[in-house]
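Engineer: Single-letter residue listing:
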Amino acid sequence: MNSEPSPLFALISTFALLSLLAVGGANAAVPEMHRIAVDVHHWMTETQFADAFAISQLSPGPNVLIVTLIGYAVAGVAGALGATVAMCVPTAVLAYVVSRRLSRSGASRWPAVIQTALVPLSIGLMAASGLIVAQAADRNWHAVLLTVIVAVLAAATRLNPLWLLLAGAVLGFAGLI
Amino acid sequence: MPSPSPSAAAATPAPLDPVPPGLIALFAAFAKISLSGFGGVLVFARRAIVEEHRWMSAEEFSETYALCHFLPGPNIVNLSVVFGSRFRGIAGGVAAFAGLVGPPMALVIALAALYAHFGEVDALRRSLAGVSCAAAGLLISAVFRMMMPLVRRRAVLLLLVMVAVFVAIGLLRLPLPWVLLIAAPISIAISYAQKRGTA
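These protein sequence lines map, in sequence, to chains A and B. By our numbering, the letter at position 177 of the first sequence is numbered 1650, and the numbering carries on one by one without gaps. By our numbering, the letter at position 192 of the second sequence is numbered 360, and the numbering carries on one by one without gaps.
Misleading hints may appear alongside valid ones.
[To be verified] Computed footprint of chain A on chain B, listed as stretches where at least three residues anywhere in the stretch have a Cβ under 8 Å from a Cβ of chain A:
hint : region
1    : 227 to 240
2    : 250 to 256
3    : 262 to 272
4    : 276 to 290
5    : 293 to 307
6    : 343 to 354
These aren't lab readings, by the way, just hints derived from the structure by calculation. Where is the CB? At the ideal position from N, CA and C, for every residue including glycine.
Throw the hints in and build the complete structure from the sequences for me.
Structural biologist: This is the structure we're talking about:
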């Protein structure tokens, strides 16, 4: 037996808790994932984390799949499955219970106050995600410039984000980043 | 695409499918939604559920999504469970969830295995570095898009909460539970006071 607690257990308990704290969805939880995976447990390097985020954004499917990649880095396929299920199930059960209760009581109006209150929290968390991914990814001024250009293009046009990601891949492959 | 006569279309919306979807249909629909969802699954979910299968009206879909957005966790995962269980109980929720997460997760695990083997290959390193820079840019643009309504409303206090959360999480790297424990009540209090002020 290992003297350290099993990494799989740490993985599952971490993401099960994060599932219920992920205000604003998976991308808003990226800073906490980074803190836990890179700073606290040293499961991944800064670069591996940035790569995991890149791969999850390139792949089809929900953004939550970055958790699959973190899990795989920690404990292979078992880690990937465990982390993904842990990140999804607690909040899924909560959503199921709440939606049942609402449809039974017939009250489908949400307390608008709480909804308004969550907006700035989500945006602040997303902004922190942007900073953390940028810090992990942008290692020179070319890279910073690419981040800024993509941010402006994505804000000003309706280009599919996938094209911007692929443009990043091409520029990187060409050795310009 | 805009309908040629939007008022007529709104007056007589296409009837919803009277037959509730079965478990296999739920799994297949969400697998398709998920695998076509590059850079945001929501658009594809709305298209499949409201337009293609006619399982929900547009209003029902928006209401369901609002609930799932309000709850913590991955929104679209919540949506699949709430949607599936509405038609087929817990089994339906599980089927829709498995369709949404299973196939792309298998793909991502395969990519993770490839990355574990070839992650040090220089060409891949360079390409992924480029993708991460672009992905950071996408996050930043999303932040500005989400922020604009608050700026337009001049919701100064809520913007301050936003900045405080950004500083606490992004710069000071404080643990999320503590930050939420402090910021959420403050934000709720501000929203409540503003609601009363405008009412």
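Engineer: Flag every earlier hint the structure violates by its number, smallest first.
Structural biologist: Violated: none.
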